[in-house]
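Asks: Next come the chains, spelled out residue by residue.
There are 2 protein chains.
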Amino acid sequence: MTDRILLAHGNGGKETQEILNRLIFSKLPDYLKKTKSGVGIDYPDDGAVLSDVKGKIVVATDSHTVNPYFFPGGSIGTLAATGTINDIVMMGAEPIAMLDSIVVSEGFPLDDLDKILTDMINILKENNIPLVGGDFKVMPRDSMPGIVINTVGIGITENPILDRVQENDVIIVTGPIGVHGALIASLQYGIEASLKSDVNQLTKLLKLFHEFPTDIHGARDPTRGGIAATLNEWAQLSDKMIIIEEKKIPIPEEVKSVTQITGLDPLVLANEGVAVLSVANKASKEIVRELENLGFEPKTIGKVVEPIDPKNKRLVIVRTEVGGAKILEMPTGDIVPRIC
Amino acid sequence: MTDRILLAHGNGGKETQEILNRLIFSKLPDYLKKTKSGVGIDYPDDGAVLSDVKGKIVVATDSHTVNPYFFPGGSIGTLAATGTINDIVMMGAEPIAMLDSIVVSEGFPLDDLDKILTDMINILKENNIPLVGGDFKVMPRDSMPGIVINTVGIGITENPILDRVQENDVIIVTGPIGVHGALIASLQYGIEASLKSDVNQLTKLLKLFHEFPTDIHGARDPTRGGIAATLNEWAQLSDKMIIIEEKKIPIPEEVKSVTQITGLDPLVLANEGVAVLSVANKASKEIVRELENLGFEPKTIGKVVEPIDPKNKRLVIVRTEVGGAKILEMPTGDIVPRIC
Chain A
0 MTDRILLAHG NGGKETQEIL NRLIFSKLPD YLKKTKSGVG IDYPDDGAVL
50 SDVKGKIVVA TDSHTVNPYF FPGGSIGTLA ATGTINDIVM MGAEPIAMLD
100 SIVVSEGFPL DDLDKILTDM INILKENNIP LVGGDFKVMP RDSMPGIVIN
150 TVGIGITENP ILDRVQENDV IIVTGPIGVH GALIASLQYG IEASLKSDVN
200 QLTKLLKLFH EFPTDIHGAR DPTRGGIAAT LNEWAQLSDK MIIIEEKKIP
250 IPEEVKSVTQ ITGLDPLVLA NEGVAVLSVA NKASKEIVRE LENLGFEPKT
300 IGKVVEPIDP KNKRLVIVRT EVGGAKILEM PTGDIVPRIC
Chain B
0 MTDRILLAHG NGGKETQEIL NRLIFSKLPD YLKKTKSGVG IDYPDDGAVL
50 SDVKGKIVVA TDSHTVNPYF FPGGSIGTLA ATGTINDIVM MGAEPIAMLD
100 SIVVSEGFPL DDLDKILTDM INILKENNIP LVGGDFKVMP RDSMPGIVIN
150 TVGIGITENP ILDRVQENDV IIVTGPIGVH GALIASLQYG IEASLKSDVN
200 QLTKLLKLFH EFPTDIHGAR DPTRGGIAAT LNEWAQLSDK MIIIEEKKIP
250 IPEEVKSVTQ ITGLDPLVLA NEGVAVLSVA NKASKEIVRE LENLGFEPKT
300 IGKVVEPIDP KNKRLVIVRT EVGGAKILEM PTGDIVPRIC
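Going down the list, the sequences are from chains A and B.
Taken in order, the first sequence gives residues 0 to 339; the numbers are from numbering that gives the first Met the number 0.
Taken in order, the second sequence gives residues 0 to 339; the numbers are from numbering that gives the first Met the number 0.
Source of the hints: derived by calculation from the structure; they are not laboratory data.
All values reported here derive from a predicted model rather than from experimental measurement.
One or more hints might be untrue.
Here are some chain B residues pointing at chain A (derived, C-beta under 10 Å) [what the hints assert, rightly or not]: (1) Q16; (2) V57; (3) E93; (4) G106; (5) P108; (6) D111; (7) I120; (8) N121; (9) E125; (10) V147; (11) P159; (12) H216; (13) T222; (14) G262; (15) G332.
Below, computed lysine to any residue pairings styled on SDA-like, alpha-carbon distance capped at 25 Å [stated by the list, open to error]: (16) B:K53 - A:H209; (17) A:K13 - B:I243; (18) A:K13 - B:E252; (19) B:K13 - B:Y42; (20) B:K298 - B:G332.
Output of the computed footprint for chain B on chain A, the stretches with three or more beta carbons under 8 Å from beta carbons of chain B [claimed, not checked]: (21) 119-131; (22) 155-168; (23) 247-261; (24) 279-291; (25) 305-311.
The beta carbon of each residue, even a glycine, is placed where N, CA and C say it ideally should be.
Looking at chain A on its own, in the form it has when it is part of the complex (with noise of 0.2 Å):
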């Protein structure tokens, strides 16, 4: 048995169906291989059957690649099944089937593999997800050392959260900012640091989204780009002035310390396990108390104000905590560290 792999683990053939088996399905139950009534990968076809679907659909796709693959708190797998599953939570939708699709480099440690997709499928099956579907692919070695791992998550919901935020909003932030890029910048750039990613699945604030139907204007799940990314995109789409506080922002002293060193901005890091909100003022407090009850760190940060001045539309804005303001840019440049 070999213990990389090999380009014939991607002939669509006898050595996929066996690789597959041993990665994939026998680590699965039968129920997680489908929907409830539909058929998934428990019968190899084309594509996957959602039957009994009620209620608006919700997709969204992620590419995830990560150097390291491996890193305290988890790996690609942990990533590439919970950034998707919080893609959908964060639209207010229920996640309802995910399907994966890798592509690997020959030669690529099998061990290393069977661990990444051992961490996907378990962030499944806590979250009762069914994998419906999927594909396999091995490059040639000369044309990419690594590995891809595509998601996709469907999800199903009666309301749907399309971010449309609004004058006087809160901005509240659901826990500490900029762990995980820290942590992958402290990988890449080799300092010493104790960080473990705040990767996790954001389910738990399908409750509120519920208890709030019309209180909550905009969630979102701000990865790349970190928060600077989410709020300039709320403020482009909103027409509106979004103003922060900097000494409100939840920022860790280990995230600290990697950003002095790097000069990295902890608001453009990264973050895996947190949401930010844009909720109705009248309604922050009972959503920040519910969230508390939930297990969430919050912080309301900031809010969405209509400028007096038309030209500071579409902007955000930073209170420096020695009482002056900044600019917020959309992140521009080179993405580091390298999470892409």
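Since the structure of chain A is already known, use the hints to place chain B on it.
Replies: Structure of chain B alone, referenced to chain A:
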């Protein structure tokens, strides 16, 4: 303006917005940016919303990589859109939306990416399928030279084709076999050939599926692994034997010349615009006639039988032109050509 992809294009910020606008969003009319009454790339969020969906949902995903990424008849962009449309159609479903996830290496020529995405979008336009969401990542040059395009298709049907082939079924192919695979092999081996890819959407088959709702027991798009993989999978899943007649398989002369030089078997070569159908004997002549009316070149190549000796279940047998018989194995070993 740079003429190559930069890491910054994948930052999830300003440069990503700019390149997606330039290469994708600006090429799509508004009505192809979302489903009717849904939310798609017209309003960026964590996921897309498909509203007013009635029927059974079909989902398929496929990661496309091919070397070279331009070839006579199309590009990886043509393949990515076509492959996923065909996967949905072969489930008996009408494609209603697509998502794309592009992973490209730093330094990739921008003009090439532009052409590839124009090819992909043209297929969506021709078939009136909205692109509702996606992802775009750039990998450092040292970790992946090249491009991987993952596509996700969503379809709707009342009557999915679940590929349960039955005794006495007739096996039909809708066109010449082995063309795409032979073309890519000729390019990779530097063999002179006048082949053009058969890449083509099979959406016209939906009319046939609608007209024969109970007579079509299997429908598959034999890409990677060719018709050898499809027929073996059917034999395994149904516990039947499949017998095909070598002389009835439509293999073009140009494909034969490539396979004679390379030693490849045309039956394991990928097809990108051909379907294999398993249909009830009583309806097979009518189905062939309707396929001809739809512009296909159908050939009846074999049948599904219950073998006298149960040991022969799950086998695919080829009756050769000289009167012998051989087992057609599930493809095994390295993928040649490297169509992953």
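Asks: Against each hint, give a clear statement of whether it holds in the structure.
Replies: Against the structure, the hints:
no., hint, verdict
1, Q16, "holds (7 Å)"
2, V57, "holds (5 Å)"
3, E93, "violated (12 Å)"
4, G106, "violated (13 Å)"
5, P108, "violated (16 Å)"
6, D111, "violated (15 Å)"
7, I120, "violated (17 Å)"
8, N121, "violated (21 Å)"
9, E125, "violated (20 Å)"
10, V147, "holds (5 Å)"
11, P159, "holds (5 Å)"
12, H216, "violated (12 Å)"
13, T222, "holds (8 Å)"
14, G262, "violated (16 Å)"
15, G332, "holds (5 Å)"
16, B:K53 - A:H209, "holds (24 Å)"
17, A:K13 - B:I243, "holds (20 Å)"
18, A:K13 - B:E252, "violated (29 Å)"
19, B:K13 - B:Y42, "holds (16 Å)"
20, B:K298 - B:G332, "violated (29 Å)"
21, 119-131, "violated (count 1)"
22, 155-168, "holds (count 3)"
23, 247-261, "violated (count 0)"
24, 279-291, "violated (count 0)"
25, 305-311, "violated (count 0)"
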